[in-house]
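What follows is the residue order along each chain.
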Amino acid sequence: MEDITKKRYINGKPRLRRFHQAKWDEPIIFELSTEGERGILVPEVEDEVKNEVGDFLATIPKGVQRKQPPKLPELSQPQVLRHYVRLSQETLGTDLNIDVGQGTCTMKYSPKVNEYLARMPQMAEIHPLQDEETVQGILEVMYKFEKILKEISGMDQFSLQPGAGSAAIYANASIIRAYHETQGEANRRDEIITTIFSHPSNAACAKTAGFKIITLDPSEEGYPDIEALKAAVSERTAGLMITNPEDTGIFNPEIEEFLRIVHEAGGLCSYDQANANGILCITRARDAGFDLCHFNLHKTFSAPHGCGGPAVGAIGVTKELAKFLPVPVVEFDGDKYHLNYDRPQSIGKVRAFYGVAPVVLKAYAWVMSLGAEGLKEVAEIAVLNNNYLLKKILEIPGVSVPYAKGKHRIEQVRYSWEKLMRDTVVHSEEIGLRAADFGVHYWTSHHPWIVPEPCTLEPTESYSKSELDEYIEIIRHVSNEAYKNPKLVKTAPHNSTIHKIHHAPLDNPLQWAITWRAYCKKRRKTRANNNVNL
Amino acid sequence: MRKKKPIVYPYIPNSVLTVKDKMLREIGVKSVEDFFESVPMKLKLKKNVKLPKPFLSEYSLKRHIEWILSKNKTCQEYLNFLGAGCWQHYVPAVCDEVNQRGEFLTAYAGEPYDDHGRFQALFEYASMMGELLNMDVVNVPTYDGLQAAATSIRMASRITGRSEVLVSRTISSDKLSKIRDYCKPKITIKLLDYDSKTGQLDLNYLDLGISSKTAAIYFENPSYLGFIEAHGNEISKIAHDHGTISIVGVDPISLGILAPPIEYGADIVCGDIQPLGMHMQFGGGHAGFIATRDEEKYVMEYPSRLFGITSTSVEGEYGFGDVAFKRTSFALREGGKEFVGTASALWGITAGVYLALMGPQGMRDIGKGIMQRSHYAILQLSKIRGIKCPVFQSTHFKEFVVNFDGTNKTVAEINKALLKRKIFGGKDLKNEFPELGNSALYCITEVHTKNDIDRLVDALREVVE
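Protein sequence lines correspond, in order, to chains A and B.
The opening position of the first sequence corresponds to residue 1 in the numbering used here, with each subsequent residue numbered one higher.
The opening position of the second sequence corresponds to residue 1 in the numbering used here, with each subsequent residue numbered one higher.
Keep in mind that the hints were calculated from the coordinates and are not lab data.
Mixed in with the good hints there might be a few duds.
Calculated lysine-lysine pairs in the DSSO-like style (CA-CA distance at most 30 Å, straight line) [stated by the list, open to error]: (1) B:Lys53 with A:Lys150; (2) B:Lys20 with A:Lys6; (3) B:Lys62 with B:Lys50; (4) A:Lys391 with B:Lys197; (5) B:Lys237 with A:Lys71; (6) B:Lys213 with A:Lys212; (7) B:Lys416 with B:Lys450; (8) B:Lys326 with A:Lys521; (9) B:Lys62 with A:Lys147; (10) A:Lys212 with B:Lys297; (11) A:Lys465 with B:Lys20; (12) A:Lys376 with B:Lys213; (13) A:Lys13 with B:Lys22; (14) B:Lys420 with A:Lys465; (15) B:Lys420 with A:Lys336; (16) B:Lys62 with A:Lys336; (17) B:Lys297 with A:Lys521; (18) A:Lys487 with A:Lys391; (19) B:Lys5 with A:Lys376; (20) B:Lys190 with A:Lys212; (21) A:Lys500 with B:Lys326; (22) A:Lys392 with A:Lys484; (23) A:Lys376 with B:Lys50; (24) B:Lys326 with A:Lys212; (25) A:Lys112 with B:Lys450; (26) A:Lys376 with B:Lys46; (27) A:Lys392 with B:Lys326; (28) A:Lys62 with B:Lys388; (29) A:Lys50 with B:Lys197; (30) A:Lys465 with B:Lys4; (31) A:Lys405 with B:Lys20; (32) B:Lys237 with A:Lys336; (33) B:Lys383 with A:Lys525; (34) B:Lys422 with A:Lys50; (35) A:Lys376 with B:Lys22; (36) A:Lys405 with B:Lys422.
Reference listing, derived: stretches of chain A covered by chain B, where coverage requires no fewer than 3 residues with Cβ under 8 Å from a Cβ of chain B [what the hints assert, rightly or not]: (37) 249-262; (38) 501-508.
Backbone N, C-alpha and C fix where the C-beta goes; we use that ideal spot for every residue, glycine too.
So that you can see chain A by itself, here it is in the shape it has in the complex (with noise of 0.2 Å):
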């Protein structure tokens, strides 16, 4: 038998785990399906009511009345329970790994009270539409949610509406578009300066909303040069969307410089603040000079991220701009808690009724429990944490980090495995499918590569130094495999619920099925076009 002592955690000392996800085999829920099975059934209909409203489908008009009953699977309840419990398990969620690897993501611990709360009847069973005397809570922790984000950013009014971070991005550019109108200014100005490394939603979010697009790109300490800048402003630009620290995890010293050029433009600068967890209490948006800026309370401020989403993307704006942001907004009268509608500048609405009131509970509830004082440490040590990484990781054989060489980074890293590639023909994200056999998750990192071979790790607060040991350790080893085995990486992963994706199909009309009813046209032609071959 195998001794695994030397695998077990042992004086703070973690070992690589023997971990193997759960592998179900599980099948699609229409597999399992056996007619007449019911999940539940629904409240019945009284007598009288049936009795006084007769023959009622006759009234639905022909060609609206449904034919054929949809084909959903028919399974009992414990059936459906087991199945999505199985499909859990084969998912590898932040409450189960050192979830380090998603960097710009901020994967950090979703505190369970602030789960427990948000599931209360008085969150929960709330309709938006009530009348205000009836929603005096949820309205007193939106207003005093915004009162925060407004101290922690030095901006004059927020509003809690857009879905996520791109739909604050969005926003935030409809503002932009918006402000310039009322100069007259909405057709000259035209163009979005953006850079690299900022979240490609800067990019796209900026281009749905109308705009040309320009992206800078970094000199050699990561940011754009100055001169790049000054080449790029004209009459035209309408702004400035930018990410700082960037994904990189490098900040821009020079930000207000950047702010002060674009301002002299005649373009507004808007801030991603997606990157704000090592920054918090720190430095603020308004006081580099920003007049826009937007957070994401699913990765900062800790509400769980569930798959990717419900989220919120709270935007901030200086008081000239307030004027713009969605309805309604929550005022305070010193007594009541009031929803605004009368705002005819308003850019309108961005998401249904005032955004993801629970998420914001549990970001409320979440600075709550630290203060200002615990958000700054929630910012030093999310930053120890990652310069921490960054010494050790940088120990790996293969690895290296461009851009600002030997200086600090905020909280997060982006890596590059070129070396390890010229050395051992193995492939970041093929590093990245090997970790996960160790029961940790590694991404690599958003399109275009501008560093090759990218791998981002952010540790936040949420990770203690045995975990980020851990975490090193299973990366070290990987390097090492790769150097040693390098078919043993490239195969991976080993332990995973599933073995290597063939992803051709994935990108062929011909092929591809988005739903199991086209999965099961296709698989029928693919067969039947088989047999007439053979």
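Assemble chain B onto chain A, guided by the hints.
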């Protein structure tokens, strides 16, 4: 003065001083200050920001939040007849059980290997929606029904290369506002009037308004005002005759009993899945779907992620991944279709659980039950003196407009009086549809018993007669 003992924060493991010091030493710096060398002194806060005093213990925090939330009155304590885009349906316990699983709740953007379950759950969600809609392509959820409508319109504009869109005037003002903001850079929105007797989209206006410049026509079924649009076929036919795309916004919970819009010619179908297993959450339970046929020209215009099923190196094993990833802004930044990012995935998984629990029979039962109840309510309300119900002479699904012009009371006054009786009356329509006079939009679902409806009727009778 004695130095205050530093706080060790339960959510911040390395806030322990000795650990902090050890890490600083290993990095080779004296203080965390050193890490912020690139932040100019001028921009650094000299004094920390002012925030309320924290509740450091979990217990005191919980007390604080519970105290604030206790000021809310819930739809469990009050009888609720509000709908208008957010609907009170029963949420099966298994839906909550699944979406509070830590694995789903805290996962994000893992690879199809470490997050196989997340990919499968969202693929199955799309697949079950596909059955409900009779369509082969459904996206990973976008933010909400507002966004789904706005994106559907922009997709149609790109597919047709046209920039005018006709929109039924009976949609909600919130949705119209969203569509206008989102489509402003590219598309002109024109409103289509309705028949004042029936609420139905006026086909004469459609005939006059549509041209070879029209990218799409957008209408809803059931409409925002609750009635069933009977002329879907004619509308789609007129659209198709002009090379125009027919977009239908639909309430998915109606589709056990109402025909999927593809049967009356819809090319793109969109809507909100909040009715399928999401609590109302003050409007926080929304997620949007977009569905089309499996045609490349449609698929390539989706901005959202689309999860597809594929094979793996092991014979018979299912794998999942992104379909046509290169169309997205993740791949191409501003070169992608619109943009993609975090939206409402957890609600997609939950809606999948809901549809799996309900099955074909459950969806039929619930659709039928809702209609029986709402018809019963209409019949009872119409007996009250001074009340006109329904305002539109059409068949309704779960919502309907009630007019109070004959009562000498405003909707606001009536709703205040109902509130005293622990009832949330329907949404006041005076700002959205001033031509409807003193009217409100009422909503009845499977949560309402006969007694609940009778209680509303009795209360209204008391208030207005």
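Do the hints match the structure? See the list:
Between Lys53 of chain B and Lys150 of chain A the CA atoms are separated by roughly 16 Å; this keeps the pair inside 30 Å, and the hint holds. A threshold of 30 Å between alpha carbons decides the hint, and for Lys20 of chain B with Lys6 of chain A the separation of about 27 Å falls inside it, so the pair holds. For the given pair, Lys62 of chain B sits about 22 Å from Lys50 of chain B by alpha-carbon distance, which is consistent with the 30 Å threshold. Proximity of Lys391 of chain A to Lys197 of chain B is assessed by CA-CA distance (about 74 Å); at most 30 Å being required, the pair is judged violated.
At roughly 27 Å between alpha-carbon atoms, Lys237 of chain B and Lys71 of chain A fall within 30 Å of each other, so this suggested pair holds. For a cut-off of 30 Å, the pair hint linking Lys213 of chain B to Lys212 of chain A stands: about 25 Å separates their Cα positions. At most 30 Å may separate the alpha-carbon atoms for a hinted pair to count; Lys416 of chain B and Lys450 of chain B meet this at roughly 23 Å. Between Lys326 of chain B and Lys521 of chain A the alpha-carbon distance is near 25 Å, which keeps this suggested pair within the 30 Å criterion.
With a C-alpha separation of about 20 Å, the suggested pair Lys62 of chain B and Lys147 of chain A falls inside the 30 Å cut-off, and the hint holds. As the CA atoms of Lys212 of chain A and Lys297 of chain B are separated by approximately 25 Å, the hinted pair is consistent with the 30 Å bound. Taken as a hint, the Lys465 of chain A and Lys20 of chain B pair is honoured in the structure, with Cα atoms around 9 Å apart against an allowance of 30 Å. With a C-alpha separation of about 56 Å, the suggested pairing of Lys376 of chain A with Lys213 of chain B is violated against the 30 Å cut-off.
The hinted pair formed by Lys13 of chain A and Lys22 of chain B meets the criterion: a straight-line CA distance of about 15 Å does not exceed 30 Å. Taken as a hint, the Lys420 of chain B and Lys465 of chain A pair is broken in the structure, with Cα atoms around 57 Å apart against an allowance of 30 Å. The straight-line distance between the Cα atoms of Lys420 of chain B and Lys336 of chain A is roughly 19 Å, inside the 30 Å bound, and the hint therefore holds. Straight-line distance between C-alpha atoms of Lys62 of chain B and Lys336 of chain A comes to about 23 Å, which keeps the hinted pair within the 30 Å bound.
Between Lys297 of chain B and Lys521 of chain A the CA atoms are separated by roughly 19 Å; this keeps the pair inside 30 Å, and the hint holds. The hinted pair formed by Lys487 of chain A and Lys391 of chain A meets the criterion: a straight-line CA distance of about 28 Å does not exceed 30 Å. For the suggested pair Lys5 of chain B and Lys376 of chain A, the alpha carbons sit about 16 Å apart, so the restraint of at most 30 Å is met. Between Lys190 of chain B and Lys212 of chain A the alpha-carbon distance is near 26 Å, which keeps this suggested pair within the 30 Å criterion.
Our distance criterion of 30 Å between C-alpha atoms is met by Lys500 of chain A and Lys326 of chain B, whose separation comes to about 20 Å. The hinted pair formed by Lys392 of chain A and Lys484 of chain A meets the criterion: a straight-line CA distance of about 21 Å does not exceed 30 Å. Of the supplied pair hints, the one linking Lys376 of chain A and Lys50 of chain B holds, its CA atoms being roughly 12 Å apart against a limit of 30 Å. For the given pair, Lys326 of chain B sits about 20 Å from Lys212 of chain A by alpha-carbon distance, which is consistent with the 30 Å threshold.
Taken as a hint, the Lys112 of chain A and Lys450 of chain B pair is broken in the structure, with Cα atoms around 39 Å apart against an allowance of 30 Å. At most 30 Å may separate the alpha-carbon atoms for a hinted pair to count; Lys376 of chain A and Lys46 of chain B meet this at roughly 13 Å. Between the alpha carbons of Lys392 of chain A and Lys326 of chain B the distance comes to roughly 35 Å, so the proposed pair goes past 30 Å and is violated. Note on Lys62 of chain A and Lys388 of chain B: the hinted pairing holds, with a Cα-Cα distance of about 26 Å set against a maximum of 30 Å.
A hinted pair counts as satisfied when its Cα atoms are at most 30 Å apart, and Lys50 of chain A with Lys197 of chain B qualifies at roughly 27 Å. Taken as a hint, the Lys465 of chain A and Lys4 of chain B pair is honoured in the structure, with Cα atoms around 25 Å apart against an allowance of 30 Å. Under the criterion of a C-alpha separation no larger than 30 Å, the hint pairing Lys405 of chain A with Lys20 of chain B is consistent with the structure, at around 24 Å. A hinted pair counts as satisfied when its Cα atoms are at most 30 Å apart, and Lys237 of chain B with Lys336 of chain A does not qualify at roughly 52 Å.
At most 30 Å may separate the alpha-carbon atoms for a hinted pair to count; Lys383 of chain B and Lys525 of chain A exceed this at roughly 58 Å. Distance hint between Lys422 of chain B and Lys50 of chain A is fulfilled; the C-alpha atoms sit about 27 Å from each other, no more than 30 Å. Restraint check for Lys376 of chain A and Lys22 of chain B: satisfied, since their Cα atoms lie roughly 20 Å apart, inside the 30 Å limit. For the proposed pair Lys405 of chain A and Lys422 of chain B, the alpha carbon gap of about 66 Å is over 30 Å, so the pair is violated.
Coverage of the stretch 249-262 of chain A by chain B holds [criterion: at least 3 residues with CB-CB distance below 8 Å; count 6]. For a cut-off of 8 Å, the count of residues in the stretch 501-508 of chain A with a CB near a CB of chain B stands at 6, and the three-residue condition holds.
Checked against the numbered hints above, the structure breaks hints 4, 12, 14, 25, 27, 32, 33 and 36 and satisfies the rest.
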